[in-house]
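K.L.:
Residue numbers (the working numbering), protein chains in the order written: chain F, 1 to 340; chain W, 1 to 344.
If you're looking for bench data, these hints aren't it; they were derived computationally from the structure. You may find that some hints are simply not true.
The calculated lysine-lysine pairs, modelled on DSSO-like cross-linking and capped at a C-alpha distance of 30 angstroms, are [what the hints assert, rightly or not]: (1) F:62 to F:73; (2) F:324 to F:313; (3) F:45 to F:69; (4) F:208 to F:324; (5) F:114 to W:38; (6) W:161 to F:114; (7) F:45 to W:161; (8) F:324 to F:45; (9) W:161 to F:73; (10) F:159 to F:257; (11) F:208 to F:110; (12) F:119 to W:161; (13) F:45 to W:38; (14) W:38 to F:69; (15) W:161 to F:110; (16) W:161 to F:62; (17) W:161 to F:208; (18) F:38 to F:62.
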Amino acid sequence: MTRINQLKAAGRVLGLFALVLALLGALAGKCVYASEFKVGMVLDKGGKEDKSFNNAAYDGFKHAKAELKITGKVIEASDDNSYEPLLRAMASRDFDLIIAIGFAQAEAVKRVSKAYPSKHFVIVDAEVEAPNVRTLMFREHEGSFLVGALAALVSHTGKIGFIGGMDGPLIRRFEMGYIAGAKYINPRVKVISNFVGVSVDAWNNPAKGKELAIAQYSEGGDIIFGAAGASGNGVFDAAEEEGRLVIGVDSNQNWVKPGHVLTSMLKRVDVAVFDTIRAAQSGQFAGGIFYYGLANSGIDYAMDQYNEALVPKAARARIEELKKAIIDGKIRVPDYYEKK
Amino acid sequence: MSGILKRLLQPFLAVALGLALGLGIAALGGDSAWVILKALLNSAFGSRYDFGMTLFYSAPLVLTGLSVAMGLEAGLFNIGAEGQMGLGALAAAAVGIGFPGVPWPLAPALAVFAAFLAGATWGAIPGWLRAKRGSHEVIITIMMNFIAAGVASYFTLYVFKAPHSQNSETSSVAAAYLIHPFAFFMDAPVSAALLLSLVIAGGTALFFRRTVAGYELRAVGANEMAARFAGIDVGRSQLLALTFAGGIAGLAGIPEVLSASGRFRMGFSPGYGFMGIAVALLGRRRAMGIIAAALLFGALQKGTAYLELDTQHVTRDLSQILQALVILSVSADGLWRWLKNDRL
Numbered sequence: 001m002t003r004i005n006q007l008k009a010a011g012r013v014l015g016l017f018a019l020v021l022a023l024l025g026a027l028a029g030k031c032v033y034a035s036e037f038k039v040g041m042v043l044d045k046g047g048k049e050d051k052s053f054n055n056a057a058y059d060g061f062k063h064a065k066a067e068l069k070i071t072g073k074v075i076e077a078s079d080d081n082s083y084e085p086l087l088r089a090m091a092s093r094d095f096d097l098i099i100a101i102g103f104a105q106a107e108a109v110k111r112v113s114k115a116y117p118s119k120h121f122v123i124v125d126a127e128v129e130a131p132n133v134r135t136l137m138f139r140e141h142e143g144s145f146l147v148g149a150l151a152a153l154v155s156h157t158g159k160i161g162f163i164g165g166m167d168g169p170l171i172r173r174f175e176m177g178y179i180a181g182a183k184y185i186n187p188r189v190k191v192i193s194n195f196v197g198v199s200v201d202a203w204n205n206p207a208k209g210k211e212l213a214i215a216q217y218s219e220g221g222d223i224i225f226g227a228a229g230a231s232g233n234g235v236f237d238a239a240e241e242e243g244r245l246v247i248g249v250d251s252n253q254n255w256v257k258p259g260h261v262l263t264s265m266l267k268r269v270d271v272a273v274f275d276t277i278r279a280a281q282s283g284q285f286a287g288g289i290f291y292y293g294l295a296n297s298g299i300d301y302a303m304d305q306y307n308e309a310l311v312p313k314a315a316r317a318r319i320e321e322l323k324k325a326i327i328d329g330k331i332r333v334p335d336y337y338e339k340k
Numbered sequence: 001m002s003g004i005l006k007r008l009l010q011p012f013l014a015v016a017l018g019l020a021l022g023l024g025i026a027a028l029g030g031d032s033a034w035v036i037l038k039a040l041l042n043s044a045f046g047s048r049y050d051f052g053m054t055l056f057y058s059a060p061l062v063l064t065g066l067s068v069a070m071g072l073e074a075g076l077f078n079i080g081a082e083g084q085m086g087l088g089a090l091a092a093a094a095v096g097i098g099f100p101g102v103p104w105p106l107a108p109a110l111a112v113f114a115a116f117l118a119g120a121t122w123g124a125i126p127g128w129l130r131a132k133r134g135s136h137e138v139i140i141t142i143m144m145n146f147i148a149a150g151v152a153s154y155f156t157l158y159v160f161k162a163p164h165s166q167n168s169e170t171s172s173v174a175a176a177y178l179i180h181p182f183a184f185f186m187d188a189p190v191s192a193a194l195l196l197s198l199v200i201a202g203g204t205a206l207f208f209r210r211t212v213a214g215y216e217l218r219a220v221g222a223n224e225m226a227a228r229f230a231g232i233d234v235g236r237s238q239l240l241a242l243t244f245a246g247g248i249a250g251l252a253g254i255p256e257v258l259s260a261s262g263r264f265r266m267g268f269s270p271g272y273g274f275m276g277i278a279v280a281l282l283g284r285r286r287a288m289g290i291i292a293a294a295l296l297f298g299a300l301q302k303g304t305a306y307l308e309l310d311t312q313h314v315t316r317d318l319s320q321i322l323q324a325l326v327i328l329s330v331s332a333d334g335l336w337r338w339l340k341n342d343r344l
């Protein structure tokens, strides 16, 4: 009898002890987590390795992780209906900032940000109006204007090409800026323009990209701006085979085919993502639309050891002049988004 | 009783084996198998919303599973469920955009009918070719998937395209067509469209057990030559099987178009049509089995979604491996026959 009582008592003591330990553990855990800033990022179906848009976003996250000591996760969506559950899952967990990459997630961000008004969200490339959502928009037409101008300066034939991925407002914006830049330098320049397709597959059809590029080169075009995601790889191949020039897009692609890449139009999603994370971490998160253009280096063109021999000094100087003029508002680059 | 248990044993073992293998491989990445399993279950059933998403993924799988099973019962392999579903979804959206004036209870019914009709037409073509020309239905249905994708893409982008949208999707259907999600599942798009798939499951079971056409169809599947000598019109049964199979698959797009997005979006399906094959095989072609199997694959689709979030090392690729292993072990008929002969 007493033995059983003793056992019971011992059990109670042990139980209490365990409870205290658990509480301590929970508190300790809380303390550690409180000092960490946790960022969640949902990439679109292109995934981390697209060498372009999603890749740049992922780079921004990695940079923030290394420099700002944030923690968090980058997740690739598996299907069109998985954006919303993923964003929700992050919002219902202890993520402080949730970043959605790509316009395909606009609808999901709209709904989840409403369901979780105390969480902070970021979306790239699509406008979502809510006090807890920060929209990152890029002035792609400004950079396209500069590379168009450079193409017109460097071209020998007076004919240049444009190859877009999926035909839609975003890529029309690239095209319009590119043509405007080229015409600014040489009003008689001829721009041959093609789109790989009209569906999502158009971002990932290098064979078609190459076919279009070869056709444009054989029509006399000597420089092609390829704004076509992974289809652009076909344009690079064509440039190498035909011994002509090509202009890369989004990330710095000058290294892809050295000697054939005149420059790359940079869309610094990585910079925008990094800036946003830094602002949010220091408690400076603000909703609304944030524009990235030439003025704040969110848009730029790439110069490095791979292309310095291809760009004459005079042309470089002229482009720098134009860049300054756009930043100062002396040149207004036509914007497809305003036209409609 | 022991008969039922015996029949249930193999599918259960198959799923357990596939899961165990998949978790084992995923565990090689560095997370414990227990953590992964917990994350999987939590993601699939953790909350009303999560469970709702599981059901949302399951509903089309019930229908594509039934579609494949309908073909299998007649001895035909319908690999065209993906295309039939796509065209069904497109037809539902087209009706919803084209006839905005139809009042509420009639409107969704009309869209459902259109979806069935479009899918049935797409199934009848290989059915007719098989019955009259002897063309192999596997090749025809596979190729028809590509044609369906092309047709859907044309209509989406040139006829019903949403203006100002960056995505390849049609504009929204009229409000009267929408089947509103149940509030119980929070914001998950689970609606009466789920019940539709259960009704169709019951309907096919009745069709096989209680109708002459259903009996003839199964007779053709069991032994084509015997059926022919017994006076059954084999061609007619084959045409009927693939037409129905197409129609049922056509309905699989209904939850997406009328409840989730209210429009047709290109690439909305994560492969429901092809997963339907695994569902039909695992479900042993029975209505109840197919419902259970669809629930399992829906849970896997949803369950693997958060794996990347809740574990340290598991990525999207590993979750696909997990799904593939379950499918593989389910369809490894030879393995199970060998096990049975050896032990049971």
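K.L.:
Indicate, hint by hint, whether the structure satisfies it.
P.N.:
Each hint tested on the structure:
1. F:62 to F:73: holds (10 angstroms)
2. F:324 to F:313: The given pair, whose Cα atoms are some 17 angstroms apart, holds under the 30 angstroms limit.
3. F:45 to F:69: holds (27 angstroms)
4. F:208 to F:324: violated (37 angstroms)
5. F:114 to W:38: holds (29 angstroms)
6. W:161 to F:114: holds (27 angstroms)
7. F:45 to W:161: holds (21 angstroms)
8. F:324 to F:45: It is violated: about 36 angstroms lies between the C-alpha atoms, which goes past 30 angstroms.
9. W:161 to F:73: violated (35 angstroms)
10. F:159 to F:257: holds (21 angstroms)
11. F:208 to F:110: With a Cα-Cα distance of about 35 angstroms, the restraint between residue 208 of chain F and residue 110 of chain F is violated, given a limit of 30 angstroms.
12. F:119 to W:161: violated (34 angstroms)
13. F:45 to W:38: holds (26 angstroms)
14. W:38 to F:69: holds (29 angstroms)
15. W:161 to F:110: holds (21 angstroms)
16. W:161 to F:62: violated (37 angstroms)
17. W:161 to F:208: Distance of about 23 angstroms is within 30 angstroms: holds.
18. F:38 to F:62: Distance ~13 angstroms between residue 38 of chain F and residue 62 of chain F Cα, so the pair holds.
Hint compliance for this structure: hints 4, 8, 9, 11, 12, 16 are broken, all remaining hints hold.
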